[in-house]
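Chemist: The lines below spell out each chain.
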Amino acid sequence: MKPLAVAVIGNPNTGKSTLFSALSGLQTRVGNYPGVTVEKKIGSVRWDGQQVLLIDLPGTYSLSPRSPDEMVVVDVLLGHQPDTPAPDAILLIADASNLERHSYLLSQVLDLGRPTVLVLNMMDVARRRGIRIDAEKLSERLGIPVVLTEAHRRKGLEHIPSAVRKAIESARPRHEVFPEKFRQVATQLAEHWPRHDGVAPERFLVERLLLDVDGEVERRYVKHAGWPLGERLREARQELLQHQIRVPAVEAQARYAWVRRLLDGVYQRPSQQELTWSDRVDQFLTHRWVGLLVFAVLMFLVFQAIYQWAEPLMGMIESVQDAVGSLVSSLLPPGPLRSLLVDGVIAGVGAVLVFVPQIALLFFFIAVFEDCGYMARAAFVMDRLMAQVGLSGKSFVPLMSSFACAIPGIMATRVIENRRDRMVTILVAPLMSCSARLPVYLLLIGAFVPDRYWLDGRISLRAVVLFAMMSLGAVIAVPVAWLLKKTWFRGETPPFVMELPSYKWPSWRTVAWRVYERVWAFVRRAGTLILATTILVWAAGYFPADRQPLDQITAQIEQLQSQLNASPDDAEIQQRFEQLSQERDRLASQAIAASFLGRAGHMLEPVVRPLGWDWRIGVAVLASFPAREVVIATLGTVFSLGSADDSSSGGLVAALHEASWPDGTPLFNLPVALSLMVFFALCAQCASTLIIMRRETNSWIWPVFTFVYMTALAYFGALVTYQLGIRWLV
Amino acid sequence: MQPSDLSAATTVTLDCLAVGQVAEILEVQGQDAIAVRMLEMGLVEGEPIWLLGQAPLGDPLEFSLRGYRISLRRKEARRVRVRLLPQPTSSGACRS
Numbered sequence: 001m002k003p004l005a006v007a008v009i010g011n012p013n014t015g016k017s018t019l020f021s022a023l024s025g026l027q028t029r030v031g032n033y034p035g036v037t038v039e040k041k042i043g044s045v046r047w048d049g050q051q052v053l054l055i056d057l058p059g060t061y062s063l064s065p066r067s068p069d070e071m072v073v074v075d076v077l078l079g080h081q082p083d084t085p086a087p088d089a090i091l092l093i094a095d096a097s098n099l100e101r102h103s104y105l106l107s108q109v110l111d112l113g114r115p116t117v118l119v120l121n122m123m124d125v126a127r128r129r130g131i132r133i134d135a136e137k138l139s140e141r142l143g144i145p146v147v148l149t150e151a152h153r154r155k156g157l158e159h160i161p162s163a164v165r166k167a168i169e170s171a172r173p174r175h176e177v178f179p180e181k182f183r184q185v186a187t188q189l190a191e192h193w194p195r196h197d198g199v200a201p202e203r204f205l206v207e208r209l210l211l212d213v214d215g216e217v218e219r220r221y222v223k224h225a226g227w228p229l230g231e232r233l234r235e236a237r238q239e240l241l242q243h244q245i246r247v248p249a250v251e252a253q254a255r256y257a258w259v260r261r262l263l264d265g266v267y268q269r270p271s272q273q274e275l276t277w278s279d280r281v282d283q284f285l286t287h288r289w290v291g292l293l294v295f296a297v298l299m300f301l302v303f304q305a306i307y308q309w310a311e312p313l314m315g316m317i318e319s320v321q322d323a324v325g326s327l328v329s330s331l332l333p334p335g336p337l338r339s340l341l342v343d344g345v346i347a348g349v350g351a352v353l354v355f356v357p358q359i360a361l362l363f364f365f366i367a368v369f370e371d372c373g374y375m376a377r378a379a380f381v382m383d384r385l386m387a388q389v390g391l392s393g394k395s396f397v398p399l400m401s402s403f404a405c406a407i408p409g410i411m412a413t414r415v416i417e418n419r420r421d422r423m424v425t426i427l428v429a430p431l432m433s434c435s436a437r438l439p440v441y442l443l444l445i446g447a448f449v450p451d452r453y454w455l456d457g458r459i460s461l462r463a464v465v466l467f468a469m470m471s472l473g474a475v476i477a478v479p480v481a482w483l484l485k486k487t488w489f490r491g492e493t494p495p496f497v498m499e500l501p502s503y504k505w506p507s508w509r510t511v512a513w514r515v516y517e518r519v520w521a522f523v524r525r526a527g528t529l530i531l532a533t534t535i536l537v538w539a540a541g542y543f544p545a546d547r548q549p550l551d552q553i554t555a556q557i558e559q560l561q562s563q564l565n566a567s568p569d570d571a572e573i574q575q576r577f578e579q580l581s582q583e584r585d586r587l588a589s590q591a592i593a594a595s596f597l598g599r600a601g602h603m604l605e606p607v608v609r610p611l612g613w614d615w616r617i618g619v620a621v622l623a624s625f626p627a628r629e630v631v632i633a634t635l636g637t638v639f640s641l642g643s644a645d646d647s648s649s650g651g652l653v654a655a656l657h658e659a660s661w662p663d664g665t666p667l668f669n670l671p672v673a674l675s676l677m678v679f680f681a682l683c684a685q686c687a688s689t690l691i692i693m694r695r696e697t698n699s700w701i702w703p704v705f706t707f708v709y710m711t712a713l714a715y716f717g718a719l720v721t722y723q724l725g726i727r728w729l730v
Numbered sequence: 001m002q003p004s005d006l007s008a009a010t011t012v013t014l015d016c017l018a019v020g021q022v023a024e025i026l027e028v029q030g031q032d033a034i035a036v037r038m039l040e041m042g043l044v045e046g047e048p049i050w051l052l053g054q055a056p057l058g059d060p061l062e063f064s065l066r067g068y069r070i071s072l073r074r075k076e077a078r079r080v081r082v083r084l085l086p087q088p089t090s091s092g093a094c095r096s
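Protein chains in written order, with the working numbering: chain A, 1 to 730; chain B, 1 to 96.
Think of the hints as simulated: they come from the structure by calculation, not from any bench. Don't take each hint at face value.
If you want the ones that stay clear, here's a sample from chain B, every Cβ over 12 Å from chain A, calculated [unchecked claim]: (1) Thr10; (2) Cys16; (3) Ala18; (4) Gln29; (5) Ser64; (6) Arg83.
In silico DSSO-like cross-links for lysine-lysine, where the CA-CA straight-line distance does not exceed 27 Å [what the hints assert, rightly or not]: (7) B:Lys75 x A:Lys485; (8) B:Lys75 x A:Lys486; (9) A:Lys485 x A:Lys223; (10) A:Lys137 x A:Lys166; (11) A:Lys155 x A:Lys504; (12) A:Lys137 x A:Lys2.
None of the values given here were measured: they were computed from a predicted structure. Note that beta-carbon positions come from the ideal geometry of N, C-alpha and C, so glycine has one too.
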């Protein structure tokens, strides 16, 4: 039997995702619709033995598409979306406490003429607000089944399957909300719509064409159909205007008039001018001073969580990774296989898992804020500020989170419905100074910035440099965002017309589900690519050098190590051990010089010379493509320090101070250190960020664009820094 | 205020309401995405709307409409023409 396809649609803030996950459980496949940034989510369940595919659609206020992203929803509902089953029924989720406005979408969905079930969710909230609903009468007037639910308590969900079946079995007449004249004009316009295989166009699309001035339907169909349709469309709108029917206002007027008739006597809410419990909370949370203070405290909490609370968890993951690495090393002799497993595979898996604590913590807070209604207020409070750079308040939380890590930050941009705003936010997020840059700054500042103080020791030069490096990206992001909004993502200012949902207690089930879903999506869909990148960069640094002498020495060292463990006081073994270690570090540095990565570094030397770098710094920067902090370990290797895990100790700092150009002049000085730091502040050396960007934008164009623009910024930033530095600082 | 020019004098744009003031919507101007979104959200002729407050930085504004709360930027609210409804509190902020 063919599986039953049911599309699930609703306004934002209706508890739709909670309801969807309660209905579909763990059996959900997540992907992207081709060519757009809309997430495709299909759940598979069994209702009385029959297989049912639940298609989750993004939350939307209306079905009048103004972009390809919004058109996907219409295409799926009409069954025009390839590789998505045409829905046999539509499940419309509405907020029972806000039915009047949500009935607008209902009225549009009924126009599709498909079997529909109305789910009135959040019945508990409605009851508490003193709203009374006569569901039976409502169902009678609509001619479709109505189900009452409280999704976060899983109440009422059991009635959905039978309601869907009932909707499919019973036919209902087409629902008409528009004036007679409008319908006539639409029918005439349909005549000019090109027919494919003699099939008449969907009435819904014809009406959308007429109603949405410069909408996506017009863009798609009139452009393709060409002359007759475009001309007729202008005439049709002209004719409507002569009959006092104004587009687009007529749609809202007609639909809300229908809503009024529909709800009259079956839906009663207390009089409007009465402050609810939620309004009182809101007066407090959006108060001029208290509101800002609460906002600042909450944001600090979120930031603290992803910046600091995640730290021990990340440390745990890293120590497990080290333990597994040592275990594998003790079981296998030194050689390509061991190196692949330890430095490629295990390091790669670790590189994926290390992000999980930050993602989980950020989405925990986002889920709580969203579920209790604060997320919309955060956008409300910050909108004025973000509007200065052409974004909206919704970009604040993603950008702030990016100061800890751009990956959860970019994943959090899903709260931004407007595509252009979301894209600009994604593209500037990696400029925010993330926690992976910090070790690089700390190393270089500690090694090369003089320990000087001003104002009786209250201001430290090192702290000033650190602060400058941490703010550089955010400062640069302002003109970048402005420029992107002026060029690539130009267009009408997106409306910030947004519902401020009433406050409620968050449902822990919903929160836990959101966190699980985001973490799993990251591990499943970005994890494999991050792993692959780590292995590729490992291979580039490993091959094609002759590593046999290195492997032999490593084997000897390990043997000596076990002897040393047995008799730690043996001075002879100790001496031999140190000799061999030095020899190994020398060979390792030679091996990386002879590798693909080393050759690329040599070739790049003329390019990085103006930044004050030699080929070795170039190699370290190249090798840090998977993640910025890798640069420290690679610097250790190229400057003959072995695998410098002791970077925090003096070893690496001393090695950097000793490093010199072939003519004996020191390689590193303050301008070089500053140029390297500026480079890291602005570069996109983080494969995981680029990969998550590809996942969220559903295209390789944007990660490539980001890599190019950020690398260019980083290069010129470093160039200017070094060239000014050698003139002013040395 | 003369009773005769009541209707003319009380026609203002939505951004001119004082906190707590109620008005009746007359028209949303324009036909671009912003106008369409406001219409879809229920800012339709004849509907009462009530200013609840403003964001800490002065923009956007929070209104009550059709039993729910909506946020509009001042720039957006300026495009909605409304008629002030008689109420006990003082007059609108934009009238001279």
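Chemist: Hint by hint, note whether the structure agrees.
Modeler: Results for each hint:
1. Thr10: Its Cβ never comes within 12 Å of chain A, the nearest being 18 Å, so this holds.
2. Cys16: Given that every Cβ of chain A is farther than 12 Å from that of Cys16 of chain B, nearest at about 18 Å, it holds.
3. Ala18: holds, 14 Å
4. Gln29: violated, 10 Å
5. Ser64: Violated: least Cβ distance 6 Å, not greater than 12 Å.
6. Arg83: holds, 16 Å
7. B:Lys75 x A:Lys485: holds, 19 Å
8. B:Lys75 x A:Lys486: Holds, because 19 Å separates the two Cα atoms, which is no more than 27 Å.
9. A:Lys485 x A:Lys223: Holds: Lys485 of chain A and Lys223 of chain A sit about 26 Å apart, inside 27 Å.
10. A:Lys137 x A:Lys166: It holds: about 17 Å lies between the C-alpha atoms, which stays within 27 Å.
11. A:Lys155 x A:Lys504: holds, 17 Å
12. A:Lys137 x A:Lys2: violated, 34 Å
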